[in-house]
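Here is what each chain is made of, one letter per residue.
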Amino acid sequence: MSVIVWKDLEAKIESPGMLRFLGISIFILFLLFVIVAPGFQRVAGSFIPNLFLVVSIGEFFIFLIFAFVSTTGNTLAEDERTIRDLALGSDFSQLSIVFGKYISFILHFILFLILTLPINLVSLNLSPKGDIKDTYILIFVINASLSSWGLFISTMKDKRFPILLLCFLLISLMVFTARLSYPWWLINPLVLILDYHPLGLLYYVFILALGLGLTLWRTSYLKRVKDETRAN
Amino acid sequence: MFRSIFLLIILLPVLFLFSGYAFSQIGTNIQIDLGINGLIRMGRWNPVVVSIRTFGIPFKGEIVVEIKEGSIILENIRTTNLKAKVDLPIYSKKDFLFLVPLSDVRHPVKISVFSEDGKLIKTKDYEIKSLEMRWPIIGFVGNNVLPYTERDVRVTVLDPEMILRKPFIIFDPLDLLILESPPEGEMLKNIEEWISWGGNVIVGGTKEISFSSSMGDTYPGKIDFQEVVVDSVDSEVVPLPSKGFISLLLFIYILAFVIVFYYLKKFSWIKILIAILLSLSFSLILFDFTSSSKSNSVIMTQFTLMKGKQGNPYVTIYTGTAIFSPYSMPVQLSYNLQDLVFWVGGGKEKNVAKTTFIPAQNSQEENKILVELSSDRKGILRGWGVEEMNVKLGFFENSILQLENNSPYPIREAYLLHNGKYRYLGDIKQGRTKFDIKKIKLSTVRIEGDKGRFLSWAKNSDIILMNRDYILGWIDNSFLLNSADISNKESYTLYILEIKR
Numbered sequence: 001m002s003v004i005v006w007k008d009l010e011a012k013i014e015s016p017g018m019l020r021f022l023g024i025s026i027f028i029l030f031l032l033f034v035i036v037a038p039g040f041q042r043v044a045g046s047f048i049p050n051l052f053l054v055v056s057i058g059e060f061f062i063f064l065i066f067a068f069v070s071t072t073g074n075t076l077a078e079d080e081r082t083i084r085d086l087a088l089g090s091d092f093s094q095l096s097i098v099f100g101k102y103i104s105f106i107l108h109f110i111l112f113l114i115l116t117l118p119i120n121l122v123s124l125n126l127s128p129k130g131d132i133k134d135t136y137i138l139i140f141v142i143n144a145s146l147s148s149w150g151l152f153i154s155t156m157k158d159k160r161f162p163i164l165l166l167c168f169l170l171i172s173l174m175v176f177t178a179r180l181s182y183p184w185w186l187i188n189p190l191v192l193i194l195d196y197h198p199l200g201l202l203y204y205v206f207i208l209a210l211g212l213g214l215t216l217w218r219t220s221y222l223k224r225v226k227d228e229t230r231a232n
Numbered sequence: 001m002f003r004s005i006f007l008l009i010i011l012l013p014v015l016f017l018f019s020g021y022a023f024s025q026i027g028t029n030i031q032i033d034l035g036i037n038g039l040i041r042m043g044r045w046n047p048v049v050v051s052i053r054t055f056g057i058p059f060k061g062e063i064v065v066e067i068k069e070g071s072i073i074l075e076n077i078r079t080t081n082l083k084a085k086v087d088l089p090i091y092s093k094k095d096f097l098f099l100v101p102l103s104d105v106r107h108p109v110k111i112s113v114f115s116e117d118g119k120l121i122k123t124k125d126y127e128i129k130s131l132e133m134r135w136p137i138i139g140f141v142g143n144n145v146l147p148y149t150e151r152d153v154r155v156t157v158l159d160p161e162m163i164l165r166k167p168f169i170i171f172d173p174l175d176l177l178i179l180e181s182p183p184e185g186e187m188l189k190n191i192e193e194w195i196s197w198g199g200n201v202i203v204g205g206t207k208e209i210s211f212s213s214s215m216g217d218t219y220p221g222k223i224d225f226q227e228v229v230v231d232s233v234d235s236e237v238v239p240l241p242s243k244g245f246i247s248l249l250l251f252i253y254i255l256a257f258v259i260v261f262y263y264l265k266k267f268s269w270i271k272i273l274i275a276i277l278l279s280l281s282f283s284l285i286l287f288d289f290t291s292s293s294k295s296n297s298v299i300m301t302q303f304t305l306m307k308g309k310q311g312n313p314y315v316t317i318y319t320g321t322a323i324f325s326p327y328s329m330p331v332q333l334s335y336n337l338q339d340l341v342f343w344v345g346g347g348k349e350k351n352v353a354k355t356t357f358i359p360a361q362n363s364q365e366e367n368k369i370l371v372e373l374s375s376d377r378k379g380i381l382r383g384w385g386v387e388e389m390n391v392k393l394g395f396f397e398n399s400i401l402q403l404e405n406n407s408p409y410p411i412r413e414a415y416l417l418h419n420g421k422y423r424y425l426g427d428i429k430q431g432r433t434k435f436d437i438k439k440i441k442l443s444t445v446r447i448e449g450d451k452g453r454f455l456s457w458a459k460n461s462d463i464i465l466m467n468r469d470y471i472l473g474w475i476d477n478s479f480l481l482n483s484a485d486i487s488n489k490e491s492y493t494l495y496i497l498e499i500k501r
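From first to last, the protein sequence lines stand for chains A and B.
Under my numbering, the first residue of the first sequence carries the number 1, and numbering increases by one thereafter.
Under my numbering, the first residue of the second sequence carries the number 1, and numbering increases by one thereafter.
No wet-lab data here; the hints were simulated from the structure.
Be careful, since some hints might not be right.
[Said to hold, decoys possible] Distance windows between CB atoms, simulated:
| # | chain 1 | residue 1 | chain 2 | residue 2 | range |
| --- | --- | --- | --- | --- | --- |
| 1 | A | ILE65 | B | SER334 | 48 to 54 Å |
| 2 | B | GLN338 | A | PHE47 | 38 to 44 Å |
| 3 | B | GLU116 | A | ILE132 | 42 to 48 Å |
| 4 | A | ILE28 | B | LYS60 | 49 to 55 Å |
| 5 | B | GLU366 | A | LEU202 | 23 to 29 Å |
| 6 | A | ILE110 | B | SER334 | 43 to 49 Å |
| 7 | B | GLN31 | A | SER181 | 43 to 49 Å |
| 8 | B | ILE252 | A | LEU169 | 54 to 60 Å |
| 9 | B | SER291 | A | PHE47 | 21 to 27 Å |
| 10 | B | PRO108 | A | ILE110 | 50 to 56 Å |
| 11 | A | LEU169 | B | VAL105 | 51 to 57 Å |
| 12 | A | SER181 | B | ILE252 | 29 to 35 Å |
| 13 | A | ILE110 | B | ILE252 | 21 to 27 Å |
Ideal placement from N, C-alpha and C gives every residue a C-beta, glycine not left out.
Next up, chain A with everything else stripped away, as it sits in the complex (with noise of 0.2 Å):
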């Protein structure tokens, strides 16, 4: 597992794709900082942007689009083997395969995590109000639940339909989750962002364990095809 990860993470590094998704993200959020961050001096009661909302909710459709990117195939990190190819190209258990790709991710998103803490401590130091740790947190649990399902359809020979599938649940996620009664809100990411509610994160450990268990069985369905068709 340890050679899938290493290997995994290597590729993902060394791609100038990646490299480029990352640096284009980080600016991306310094844009947002220099456009919504206070000036020098307000008269007292004037509004005063929430920053750190703001650049909390860009950094969650950033790591969205990142933890997609990062799991559904190689889009990005040209080396990158994905599950399909390590389930039919390669003797690796199906356990290793998918627990390999999926803390290979895991690991490449904290180093993301920590390369946007500089922008989000000044942030939340100039907003209103904030908690990074609820944040992050959220953004977190998020991510690694949907990057499950991204791994899922890396197992699938024709990725585009899949994908555009989990776009559109997620944007009607988005948009008809916000006006429902508790604690089915609790499912809408951008309300948890706003109001943070740690019953919320259920949804999303819920939500993991499906994704896996699917990607789970889908690479077992793979070794048995490879294994029938090597027997053959």
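Fit chain B to the given chain A structure using the hints.
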């Protein structure tokens, strides 16, 4: 058999009584009282006394007094808490005094005692709905029978001990205080202060009492600073750290990130390590640079009126304070004058910050106020009190005005308001000062900025009447409210001495 049953019948009540006594000795005895001998008066400050007595076990915990004001329909309910920490050793007793202004009959006053781990030990809700709460109260100190028939008035006999070593405002629910014999020492001082505040006292020997309640509501009080302090704090400038400098630092960070990942031809782990170190060091620099922005952003404006009358050695203090910060943060204020009380302002203002009062329980402690500020909630406080301020004045030959300032404060930029016209006097230092009024030219007060705004407001609010004579001046003080959390603080104190014609 019969003997055993008989013994059991005898022993059981004895055992029951003994265990009851033993358990009461082990636990903590808590007694909660609101008002003076159970009598409360609406529109006034009422005392809440929580007596805690410990036996074999020490007690640590907290007392919370919760007062609600406002309407549920208009959604302007404001909850104010008064808190006191309790830390009592074994076999000890302490009375905790809180002063609570009662102005809203719609909500009960809730008094709770919690243990150290937050467990509710005792709670008491006082419903404030009875019409009787508006009837005047007469307090009688002495042993004789009161020569008064009780009708549309409430009468209570007071313990002289209650008057001693307590803030004068403890008498606020009373409309009349009758003393059997002339007061002395500390009691005299307390009563003088209360009279200065507006209280009525009758001292022994009078057989007939014609009662009239001339003391109005002290809460919300006659003088409301809310509008002027809020306007003043809204026009202040909030200092924020340089946006340009922070943006430049962040841009350098992004450049460094690009250089490390694109141009450093090293092993991946080294790159990751350098990137993490780079991120952490920039985080530290930027966090340190901006961390003081919140504490420096709090601005406070305080206006205070010290209003006295010729011949009275005390002045009545009215003060209004507004505190603002664009950030969500708590601010702690303190004051150590015993004869001063503060409460949350905001009859008209809806967005008032949550405020908790922690009254001092002995002379060594300071009274503390905790205001939880946010961008849409200002801290608004109103204060009332009495302070010793002895300024004597006399006119000689109709043109020489002699002022004797025996107070600890010099009066700056003083004016004499006489026959509707202002005469500039200059500074009145401590000691005797003489002014020849004939030589002093008439002028109009032209003061720019907050001082001018405050003076105009005092004139427009009929606090300074043009058909009366006054000495007006400014006192440089910052003794009313202190805070280490606030660096941008403006405080103005207008001294008004009404001259008898």
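Given the hint of 43 to 49 Å, check if ILE110 of chain A and SER334 of chain B actually sit that far apart at their C-beta atoms. For SER334 of chain B against ILE110 of chain A, whose Cβ atoms are near 44 Å apart, the range 43 to 49 Å holds.
May I ask you to test the hint 42 to 48 Å on the CB atoms belonging to GLU116 of chain B and ILE132 of chain A? violated (30 Å)
So the hint says 29 to 35 Å: do the beta-carbon atoms of SER181 of chain A and ILE252 of chain B match that? violated (48 Å)
Evaluate the given range 23 to 29 Å for the C-beta pair formed by GLU366 of chain B and LEU202 of chain A. Check failed, 46 Å falls outside 23 to 29 Å.
Do LEU169 of chain A and VAL105 of chain B keep their Cβ atoms within the hinted range of 51 to 57 Å? About 55 Å separates the Cβ atoms of LEU169 of chain A and VAL105 of chain B, which means 51 to 57 Å holds.
Could one say that the CB atoms of GLN31 of chain B and SER181 of chain A fall in the range 43 to 49 Å? The hinted range 43 to 49 Å holds for GLN31 of chain B and SER181 of chain A, with Cβ atoms some 45 Å apart.
Please check whether ILE28 of chain A and LYS60 of chain B have a Cβ separation lying inside 49 to 55 Å. holds (53 Å)
Do the beta carbons of ILE252 of chain B and LEU169 of chain A sit within 54 to 60 Å of each other? Check failed, 40 Å falls outside 54 to 60 Å.
Just to be sure I understand the hint, the distance between the Cβ atoms of ILE65 of chain A and SER334 of chain B should be within 48 to 54 Å; is that true here? Holds, since ILE65 of chain A and SER334 of chain B (Cβ atoms, about 51 Å apart) stay within the stated range.
Take the C-beta atom of SER291 of chain B and the C-beta atom of PHE47 of chain A, compute their distance, and say whether it sits inside 21 to 27 Å. The hinted range 21 to 27 Å holds for SER291 of chain B and PHE47 of chain A, with Cβ atoms some 23 Å apart.
Range hint 50 to 56 Å (beta carbons of PRO108 of chain B and ILE110 of chain A) holds or violated: At roughly 52 Å between Cβ atoms, ILE110 of chain A and PRO108 of chain B fall inside 50 to 56 Å, so the hint holds.
Quick check on a hinted range of 21 to 27 Å for ILE110 of chain A and ILE252 of chain B, using CB atoms only. At roughly 24 Å between Cβ atoms, ILE252 of chain B and ILE110 of chain A fall inside 21 to 27 Å, so the hint holds.
Going through the hint list in order, the structure does not satisfy hints 3, 5, 8, 12.
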